[in-house]
Amino acid sequence: MQIRRLAGWLALSAALPVAAQESTPAMVAAAEKEGKVVWYSSVDVKVGEQIAKAFKEQYPKIEVDVERSGSERVLQRINQEYQANIKNVDVVNSSDASHFLFWKQQGWLAKHTPPDAQKFAPQYRDPDGTYFTWRATLDCMAYNTNLVKEGEAPKSYAELLDPKWKGKLVKAHPSYSGTSLTGTYALVKVLGWDYFEKLSKTGIQQLQSTTAPPKTLASGERAVMVDGNEYNIFIEMAAKSPVRPIYASEGTPFVSSPTAVFAGAPHPNAARLFQNFLYSAKAQQLLVDVGGQRSVHPDVKEPAGRTPLKDIKLLPDDATGMLPQIADIKKKYTALFGN
Amino acid sequence: MALLLAALVLLPLYWLLDTSLRDAGKAFTLANYDQLFHDPGFVKPLVTTLWTSAAVGILCLVAAAPMAYLVARTDLPLKRSFRVLVLASFVTPPFLGAFAWVLLGGPNAGILNQWYYGLLGLKPFEAQPLINIFSAWGMVFVMALYTFPYVFTFVANSLDMIPSELEEASAIFGAAPWRTAMNVTLPLVMPALLAGFIIAFLQSMTLFGVPAILALPAGVDTMTTKIWSLFQFPPQPGLAAAASLPLLLVTVLLLRTQAGIMGRRGYSIVGGKSTGMRTIRLGAWKIPALGLFGFVLACSVVLPYGVLLRTAFLKNWAAPMAGNFSIEHWKFVFLEFSQTRLAFTNTFILGATAATAGTILAVTIGYLALRKLVWGHRYLAFLATAPVAIPGIVLAVGLFIAYTRPPFVLYGTLVIIFLAYVTKELPVGYQQVASSLKAVHPELEEAGRIFGATRLRTLVDITAPLIRNGVIATWLLIFIGSIRELSATILLFTAKTKTISVTMFDLRESNDWGPIAVLSVTMLAITFAMVAAINYFTDRRSS
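Line order of the protein sequences matches chains A and B. Per the numbering used here, the first sequence starts with residue 1, numbered consecutively. Per the numbering used here, the second sequence starts with residue 340, numbered consecutively.
None of these hints come from the bench; they were simulated from the model. Just so you know, nobody snuck in bad clues.
Only pairs whose alpha carbons sit at most 25 Å apart, straight line, appear in this in silico SDA-like list of lysine to any residue:
#1 B:LYS383 with A:THR202
#2 B:LYS837 with B:ARG680
#3 A:LYS310 with A:SER156
#4 B:LYS777 with B:PHE876
#5 A:LYS61 with B:PHE671
#6 A:LYS331 with B:LEU369
#7 A:LYS332 with B:LEU375
#8 B:LYS625 with B:LEU532
#9 B:LYS625 with B:ASP414
#10 B:LYS837 with A:ASP65
#11 A:LYS87 with B:ARG744
#12 A:LYS332 with B:ALA475
#13 A:LYS149 with B:ASN655
#14 A:LYS111 with A:THR320
#15 A:LYS164 with B:ASN471
#16 A:LYS87 with B:THR684
#17 B:LYS462 with A:GLY167
#18 A:LYS53 with A:LYS240
#19 A:LYS331 with A:SER200
#20 A:LYS332 with B:SER474
#21 A:LYS164 with B:ALA557
#22 A:LYS56 with A:VAL28
#23 A:LYS61 with B:PHE683
#24 A:LYS282 with A:GLU57
#25 A:LYS104 with B:PRO574
#26 A:LYS119 with A:GLN21
#27 B:LYS837 with A:GLY264
#28 B:LYS777 with B:LEU798
#29 A:LYS331 with B:SER474
#30 A:LYS36 with B:LEU681
#31 B:LYS835 with B:PHE570
#32 A:LYS56 with B:TRP669
#33 A:LYS201 with A:GLY167
#34 B:LYS654 with A:GLN50
#35 A:LYS201 with B:ALA557
#36 A:LYS56 with A:GLN21
Some chain B residues well away from chain A (every beta-carbon gap over 10 Å; in silico):
#37 LYS365
#38 LEU588
#39 ALA598
#40 VAL754
Computed from a prediction, not measured in an experiment: that's the story for all the values here. Beta carbons are placed, not taken as given, at the ideal position from N, Cα and C, and that holds for glycine.
Use the sequences and the hints to build the structure in full.
What follows is the structure in structure tokens.
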């Protein structure tokens, strides 16, 4: 009896989504009084500022301070600041979903569910209502169409070891970028460290952020991108740069990139208002249209010309599985490719 | 005063040493040093650092010594313009030069390589590039471009002080000019050459921006990039402290050697300017001489400034200029980018406060030490110049450790960066103030005292007006040094305390070259305004 009741309660609480917090006029007024929201984000700096601009158009009295860096650098800054008891961050976005497990464990994240996030499929919501998948992208391969003919572009990671690609590859660094780390974890499972050791001998150009390789590819400095954001490739394509994504036959890592409000946020109301805005259909559509992202918001429409996710062989991300291995991945990778 | 100075300089060093000898549980250990000397992850960067710094030193000598000779001894045309351009290279932050050289010398998209491929009808990737800037040698090249002015200045000053009579004697006995140069002039400037080499070596060893921008993409680490990587979360201060000490040790050793060399310089020949300098007529040698200046100054100033300016106004930096013009990067940096205002505000606050505090410290110490007013004035002068031996990144590791623990929790404030700047710039300020103070003969002050004025009054009424312009120049000099600082700031900044230099470094990690170029051009404009101001004040002093 007792157990059945308990089980009943559990079933009920699991079925009930955590109550969302609407952006009430009171919240807006309080947020305007705070006047500012500090957003640590790993999204491309221009995409980030565009989102901030859209927010300011809706709430002209609130400034958005976009502090952009790679996800792993975002983690480093927040953790170092919290160790020194500096509370500066209001809202955080990182493409290393395991960061949210760590911050939640530390008790640093606020419980706050944006109304729109309730519509997300369960795998894109923290059951305790602290973080949600704000955006997603693929950590994909790509090529420069001026330098590589369409038929000759590599179709798999394995092909990149062919000597003909020597000195032509560019990739991001998993010690800096959460997207690259998530991708490296997924690819090591499929290809093994043995593959990365061989890859490290191909004269790769080693960049930091996954936002960088698409730009290097577009400039013609390198011909094939091994590891970089799909969204920056879309942005480059919209700007008529000669680049195309490649979805490798081994699979392409899927990277979900959550946001959360910090419990110790110095601008708590502006933080919640901003978090609500980030998940609104309007902001999500902007992210997809202008920012080249994949959205898990059910009302968002994918622009024409992008391969739908269902037609791509995806390597799913797994924050829980990755968390204990992060230090090891970074160490092994750095030993092969340098800092 | 002495106590304050000692705290400023010695406290970080003490914590550096202490932390390097402790494990996570605070117990004594040599494990950090064991790892430093046995882990190839440390040995390789150390070796790279040593050979690349030596290569920079040699390259600087090869280029800058002949340049100095040409300016000091020959009828080379355009001397004044060349001196101005050498000065421009001297004040260009090396990391700006590295940014520019990525755009110029990227093996496939770099503008110079694009010209080279176009000229020879080659295709990128199929042919070898003219320049591959992403390599250890690329890094050496760029470092040399921004350290050669030190060697140039050392050798040129030394040549100015060596009377040309000896060389004339050699010429009268029938030696050809090049023979005179090799057999007479060279031995005389040898001390200056060695000293110049050492300064170039030390400069390159302690740079952070250039290796991070040019060598990391090729998978090459130096000690500074390695130390920086140890501050990724979780930071490893013990290991970073241990890795800092070899840099400190090498610096102290080399500076002692340099002091020894410079001290022995005084064959009775060198000292005091001689009256007339004989100028050697270059004749047909003018062409290669101009070629040398043209090459070095084009690579260090003309091409980099040109490419930064070009990039700032182009939509896509690697594409041809036609139809590509745009002010979108300026709009982004000054209207949309939310970090711009914060970074500029912080940079100016830090520059102004560090310059003011540094100048006050330098003047006080200079006055006390040179007029021998207090006991231990020698130690004061020593402490004021000691930070020369502390590389910026090493100082930052020390400050990070010293001021993230009670009683002084300064991490996350501008104060910790301010301390770094004041400490780092103090020697420069002290030298500058000391040279203006030395120019004021104590007799002038004594005269004031005889007429009954107090020491303070003579200071205010006599000394201060005389050294005023020198003091203003000191302030500006420290200001310039502070606004370009990267290697210490990179370890000490937080989101609220970022400066222009670290903002540019953040943008570099995502290859946003347009905004970087806009910030670079702005920074150069500010720097040159300051340099013009220094010239204005120092010129007035001499009249």
